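Enquirer: Sequence:
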Amino acid sequence: LVLGAYATGTYGGYFAASQGVLQVGVFGLLVRLPLQRLNAVKNVLTSVVNAVAAVAYAATAAHRIDWAAAGLVAAGSLVGGTLGARFGRRLPAAVLRAFIVLLGVTSFVVLVR
Numbered sequence: 001l002v003l004g005a006y007a008t009g010t011y012g013g014y015f016a017a018s019q020g021v022l023q024v025g026v027f028g029l030l031v032r033l034p035l036q037r038l039n040a041v042k043n044v045l046t047s048v049v050n051a052v053a054a055v056a057y058a059a060t061a062a063h064r065i066d067w068a069a070a071g072l073v074a075a076g077s078l079v080g081g082t083l084g085a086r087f088g089r090r091l092p093a094a095v096l097r098a099f100i101v102l103l104g105v106t107s108f109v110v111l112v113r
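Heads up: the sequence shown at position 86 corresponds to 86 in our numbering, and the numbers run straight through without jumps.
Simulated from the structure, these hints should not be mistaken for laboratory data. Only a predicted model underlies this, so the values are computations on that prediction, with no experimental measurement involved. Incorrect hints may appear among the rest.
Unchecked claim - Quick list of the computed label-pair ranges, beta carbon to beta carbon:
hint: 1; residue 1: 37; residue 2: 112; range: 27 to 33 Å
hint: 2; residue 1: 66; residue 2: 34; range: 38 to 44 Å
hint: 3; residue 1: 64; residue 2: 98; range: 38 to 44 Å
Think of the CB as a built atom: it goes at the ideal place given N, C-alpha and C, for glycine as much as any other residue.
Let's have the full structure, built from the sequences with the hints guiding it.
Expert: Structure, rendered in structure tokens:
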């Protein structure tokens, strides 16, 4: 579990694409918790990974960052994460699972093209 969290966190800190889908997949295979609880754990870990990556990038390459774009991405991430957590907590597990699979497949198709 720790190795899976480390691997998805490392991937997410660098690429970020579909990090949450990968985390839910790994956690779902290794931990017997309700999907809503796994989604909550994923949200916290993703937030921590993204914060650490942002600080590392800002500390090492501040001159290469488009701060306006970074601010928009940060604001969108905070709003999306808050709304996603709020709705994800209320959705039945089957609906949440279907949404996660749909998001994962869509991300894969977009990234492969």
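Enquirer: If you check each hint against the structure, which ones fail?
Expert: Going through the list in order, the structure violates no hint and respects every one.
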